[in-house]
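Enquirer: The primary structure of each chain is shown beneath.
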Amino acid sequence: MTDSQTSTTETTVGGTAPTSFLSVRDLRCHFPTDDGVVKSVDGISFELERGKTLGIVGESGSGKSVTSLSIMGLHRNVGKKNGPRMSGEIWLDGQELIGAGREEVRKLRGQKMAMIFQDPLTAMHPYYTVGQQIIEGYRQHNPQANKKAARDHAIQLLDRVGIPQPDKRVDQHPHEFSGGMRQRAMIAMALANNPSLLIADEPTTALDVTVQAQILDLIRDLQQEFGSSVIIITHDLGVVAELADDILVMYGGKCVEKGPADKIFSEPEHPYTWGLLGSMPRIDRELQERLVPVQGNPPSLINLPNGCAFHPRCPYADRTEGLSKTEVPRLTSVGQDHLAACHLPLEVRQQIFTEEIAPRL
Amino acid sequence: MSEESSTATATVPAPKAPAASEGEALLQVHDLVKHFPIKKGLLQRQVGAVQAVDGLTFDVRQGETLGVVGESGCGKSTMGRLITRLLEPTSGKITFEGVDISHLSTAKMRPLRRDIQMIFQDPYSSLNPRHTVGTIVGAPFRLQGIKTENGTKAAVQDLLELCGLNPEHYNRYPHEFSGGQRQRIGIARALALRPKMIVADEPVSALDVSIQAQVVNLLDDLQTELGLTYVVIAHDLSVVRHVSDRVAVMYLGKIVEIADRDSLYASPMHPYTNALMSAVPVPDPSRKQEHNRILLTGDVPSPVNPPSGCHFRTRCWKATEKCAEIEPPLVALKTGHQVACHYPENAPTDVIAETITVSKEAGEAVAKAAEAAVAAKAEETAEAAETAEVAEVAAAEEAPADAEPEAAEAAAEESTEAVESTEAAESTEGADAKGETKS
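Chains as they are written, first to last, in the UniProt record's numbering: chain A, 1 to 361; chain B, 1 to 439.
FYI, nobody ran anything at the bench for these hints, they're computed from the structure.
Note that the coordinates shown come from a computational prediction; the quantities given were computed from them, not determined experimentally.
Be careful, since some hints might not be right.
Claimed, not checked - Calculated pairs, DSBU-like style, for lysine-lysine (alpha carbon to alpha carbon, straight line, at most 30 Å):
hint	chain 1	residue 1	chain 2	residue 2
1	B	Lys108	A	Lys168
2	A	Lys168	B	Lys39
3	B	Lys108	B	Lys153
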């Protein structure tokens, strides 16, 4: 884990094509800055099957968005001086992306994989009409389509995502749309070429709850209709629970827990996941007298704590005989398809869970 | 860093004082209106107005926490700025500790600013990046010209400690702190002059989940320790449930429902509140399949040109013609539970409205309305009964005597138009009961 990062500053190609639709192996993305190297993503691996949804959860600065940008190939100046250093493998439908050239990735982007960004007001161009912005991506990948056909396609898409009067709306600018509408237009833009992988980076954070519910429903419906795989990135565990089949919990650029959604919520194994679940006031449960926050602050990605990055905030770090402070925990299996990176011995962990955590969940 | 926060949150785990039902009103707001003019053309003539806040009436009681929820654009932040008098109301009355502050000048407001403070949403933009923490938190002392016993520095350091920050960070700048710590600095500044009331506008929405809980607990501790009264404005219903004693739900410049926390969350009466609650994503994948949520279609209408009658009717699944014509008044359907809707849900089956304080002049009209209700019962139509109810309330609220007979008559007229309704039995009963008590 530790020494591989020094050797792999450049792209690594090799290994065999995996069977799953999307496979990310030991992805690292480091940004050199004046203050030191920011290890935004430091060894993330996951698989995603066709038609499934993966939820990536974590606090701000845990590397969620950098992971998604890496898959989309949206980091600039990779491999150049002062540019981000990436390593690992990303296999999308049998094609490796990190070693692939910019042009190759460009052909896939918008076609095979597409992204919904957090804030549609900044992600859309204020000068062009919504229609023009949808058409641009469509015609890029379908050069044979004439203007009329492309426009019809855009109208059809706007209609599909539930925008009323799509034939009028197509000629309006983003500022004429409300927040929810804009997010719908963004989704229409992402769907322009019927992508098989859709990455939604905090798709509902900027929206009100009522609109959020509409958008989540829309994403779910579209996924069923088109059978695409979805990665949803968020800090809201409620949103993840609504959509995801599998969940990956990130902390300090690493994956600390990974498993099926129902397991993560019913039998979480990592103290950080316990903390996240415990610190949330929940509308579906008895009112707690007091919330149980995760103490302290998120770590700096330049100077991660030694050993387990979570140990300074972990209330159980003293029960690992000092291992937490010295050694980085490995992801180990704790159940079917369920992995957690924690030094707490299994018996201790289960004891803490049944005695302290489970009653609060 | 982690040690500081732990000390803060480890203090006094005492339960929150139940201040919901008792306590005097610290702040009274009556029919508060704020319209922002829209001006156009060379002469800057007013062509319209953004009706951000359109008739709010509520009390904030001593020592309680009033939560205010609603979608963006519903006027909740404007409300916060009005009660702190950062904005001047277009009309209406704000009374703080018995003093009418609605139109006080800046100079006259200044001494009162000690008692009303505000915590802002974004800890990144609400702190001046060029000032040290000491200057920021010490500013209230400087501005109000207050001398403290051991000097301002000592007072500021006490405040920092109270809010779970390291007093030695006196000379640091905001950028050296994380989001949660910055919010603590904002809280320390608000607390500097020992205010009586704090208006917190989305105090935790910019923070990470794990940090949110720290700040929520800190606010809770400070309330117990210093006897503060809070008005917490937020859009997150789970957070509001956790911190509030009473909750007001706003929609397009109006309060549609205001109730004790437990009553509101256990049995929300307004359709909008129901929709809001069902839209909250629940962190429980086993519930994913249930899918019985109420999906509101469309967006909030523009406050420049709000719909007639009930503002919510354009998105409401229960809306009828009546909703377009008559604006539902905010009435108490249960002790401590007011709602503004013609067709409330979860309403108690024996809708005995709280005894409405009726002025002498209004008495007559109420009797008439009650008669109308009885007449309606004879015809066994719900619609009429409900209209009568409305007329009654309207009569009770509009004190001027001339208006009332008209209202009652209108009700009586309408009562003859038998329109079928789903909640026939319930409301007729209710109106009947009321007719008896009143006459």
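Enquirer: Does each hint hold? Answer for all of them.
Expert: Tested hints:
no.	hint	verdict
1	Lys108/B to Lys168/A	53 Å, violated
2	Lys168/A to Lys39/B	28 Å, holds
3	Lys108/B to Lys153/B	28 Å, holds
The structure is inconsistent with hint 1 alone, although it conforms to all the rest.
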